[in-house]
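Make a model of the complete structure from these sequences and hints.
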Amino acid sequence: KAGVTQTPRYLIKTRGQQVTLSCSPISGHRSVSWYQQTPGQGLQFLFEYFSETQRNKGNFPGRFSGRQFSNSRSEMNVSTLELGDSALYLCASSLDRGRFTEAFFGQGTRLTVV
Amino acid sequence: AQSVTQPDIHITVSEGASLELRCNYSYGATPYLFWYVQSPGQGLQLLLKYFSGDTLVQGIKGFEAEFKRSQSSFNLRKPSVHWSDAAEYFCAAATGANNLFFGTGTRLTVIP
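Note that the protein sequences, when read in sequence, are chains A and B.
Just so we're aligned, residue 2 is where the first sequence starts under the numbering used here, counting upward by one.
Just so we're aligned, residue 2 is where the second sequence starts under the numbering used here, counting upward by one.
Keep in mind the hints are simulated off the structure, nothing from the lab.
Beta carbons: idealized from backbone N, C-alpha and C, even for Gly.
One thing to keep in mind: the hints can contain errors.
Unchecked claim - If you only want the chain B side, here are some residues facing chain A, beta carbon under 8 Å, derived:
#, residue
1, Leu20
2, Gln43
3, Gly44
4, Lys50
5, Trp84
6, Gly106
7, Val111
Said to hold, decoys possible - Derived Cβ-Cβ restraints for the label pairs, each shown as a range:
#, chain 1, residue 1, chain 2, residue 2, range
8, A, Arg16, B, Gly63, 43 to 49 Å
9, A, Asn78, B, Gly63, 38 to 44 Å
10, B, Arg70, A, Thr21, 42 to 48 Å
11, A, Pro40, B, Gln72, 37 to 43 Å
12, A, Asn57, B, Gln43, 41 to 47 Å
13, B, Arg70, A, Ser80, 41 to 47 Å
14, B, Gln46, A, Thr39, 17 to 23 Å
15, A, Gly59, B, His11, 24 to 30 Å
16, B, Gln59, A, Lys14, 39 to 45 Å
17, B, Trp84, A, Thr54, 44 to 50 Å
18, B, Gln46, A, Asn57, 35 to 41 Å
19, B, Gly42, A, Lys58, 23 to 29 Å
20, B, Glu65, A, Arg16, 44 to 50 Å
21, A, Asn78, B, Gln43, 22 to 28 Å
Below, the structure written as structure tokens:
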């Protein structure tokens with residue numbers, strides 16, 4: 002059974018640009034959550050998608066957005082990139098949301114903003 | 002406000018020695034509790050989880066954790082550490098929705 006796949010693994014972008022990251026959850030998993038990991042702030046929850054709807058959102062500005070497709074694949078977008086957006090972005094998939102069991106993480110996308 | 006605290010930023014142990022990583026939580030009700038491990042440049046791997054029931058939880062790689070409600074703690078233990086256990090360890094909590102709240106992590110160094 003394939004795990005959570007995140008693409009690309011590495012990205013370098015310039016300030017002001019926008020970026021889209023992709024996450025394919027484990028087959029059959031319907032919930033996808035996104036996290037940002039930085040040395041200063043640690044691991045922080047961005048948002049969760051289930052059935053193509055955002056169900057939960059962390060404390061991030063509106064520049065951070067996401068969506069989920071009918072096959073449960075998810076993308077997150079960051080517009081008007083800032084240097085502080087440099088981070089490891091992790092995606093996690095879960096089977097369902099009514100009864101949380103565990104989250105399986107991808108290897109992440111390392112975003113560097115220059 | 003909800004919080005997960007890992008008081009030790011960095012721990013160094015000798016190979017073969019025992020290990021205990023501390024985790025305290027502050028929530029309105031007992032959350033689901035997890036320990037994850039992260040190797041450099043990698044994602045997070047679940048070591049073990051506690052939802053309810055037996056307060057001593059067994060996980061993968063020989064790890065176990067004990068839930069103590071009276072102390073709001075969920076400490077991770079291993080009786081004998083291997084060099085391959087060197088990594089960063091994260092305690093996390095969730096209240097049912099799929100949004101984990103993480104501690105700041107404890108970096109484990111294993112010396113020969």
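Hint by hint, here is what the structure shows:
Here the hint on Leu20(B) is broken, as its CB sits about 21 Å from the closest CB of chain A, past 8 Å. Hint on Gln43(B) holds. Least Cβ distance to chain A is approximately 6 Å, under the 8 Å limit. Interface hint at Gly44(B): satisfied, since its Cβ lies 4 Å from the closest Cβ of chain A, which is below the 8 Å cut-off. Annotation: interface hint on Lys50(B) holds; nearest CB of chain A at approximately 6 Å, less than 8 Å.
At a threshold of 8 Å, the smallest CB-CB gap from Trp84(B) to chain A is about 22 Å, leaving the interface hint violated. For Gly106(B), the suggested interface contact is upheld, since its CB lies about 6 Å from the closest CB of chain A, less than 8 Å. With a least beta-carbon distance of about 22 Å to chain A, the hint placing Val111(B) at the interface is violated under the 8 Å criterion. Distance hint check for Arg16(A) and Gly63(B): the Cβ-Cβ separation is about 46 Å, which falls inside the suggested range of 43 to 49 Å.
For Asn78(A) paired with Gly63(B), a C-beta distance near 41 Å keeps the hint of 38 to 44 Å intact. At about 43 Å, the CB distance of Arg70(B) to Thr21(A) agrees with the hint of 42 to 48 Å. The given range of 37 to 43 Å is broken by Pro40(A) and Gln72(B), whose C-beta atoms sit roughly 29 Å from each other. The hinted window of 41 to 47 Å between Asn57(A) and Gln43(B) is violated, with their beta carbons roughly 25 Å apart.
Our hint of 41 to 47 Å for Arg70(B) and Ser80(A) holds, since their Cβ atoms are close to 44 Å apart. Taken as a hint, the range 17 to 23 Å holds for the pair Gln46(B) and Thr39(A), whose Cβ atoms sit roughly 20 Å apart. Gly59(A) and His11(B) have their C-beta atoms about 27 Å apart, which keeps the hinted 24 to 30 Å range intact. Between Gln59(B) and Lys14(A) the Cβ separation comes to about 43 Å, which falls inside the hinted range of 39 to 45 Å.
At roughly 45 Å, the beta-carbon separation of Trp84(B) and Thr54(A) lies within the given 44 to 50 Å, and the hint holds. Taking 35 to 41 Å as the suggested C-beta distance range, the pair Gln46(B) and Asn57(A) does not conform, at roughly 23 Å. At roughly 27 Å, the beta-carbon separation of Gly42(B) and Lys58(A) lies within the given 23 to 29 Å, and the hint holds. Here the CB-CB span from Glu65(B) to Arg16(A) is close to 46 Å, well matched to the stated 44 to 50 Å.
One distance hint, 22 to 28 Å for the beta-carbon pair Asn78(A) and Gln43(B), holds here, with the actual separation near 24 Å.
Comparing the model with each earlier hint shows violations of hints 1, 5, 7, 11, 12, 18; every other hint is respected.
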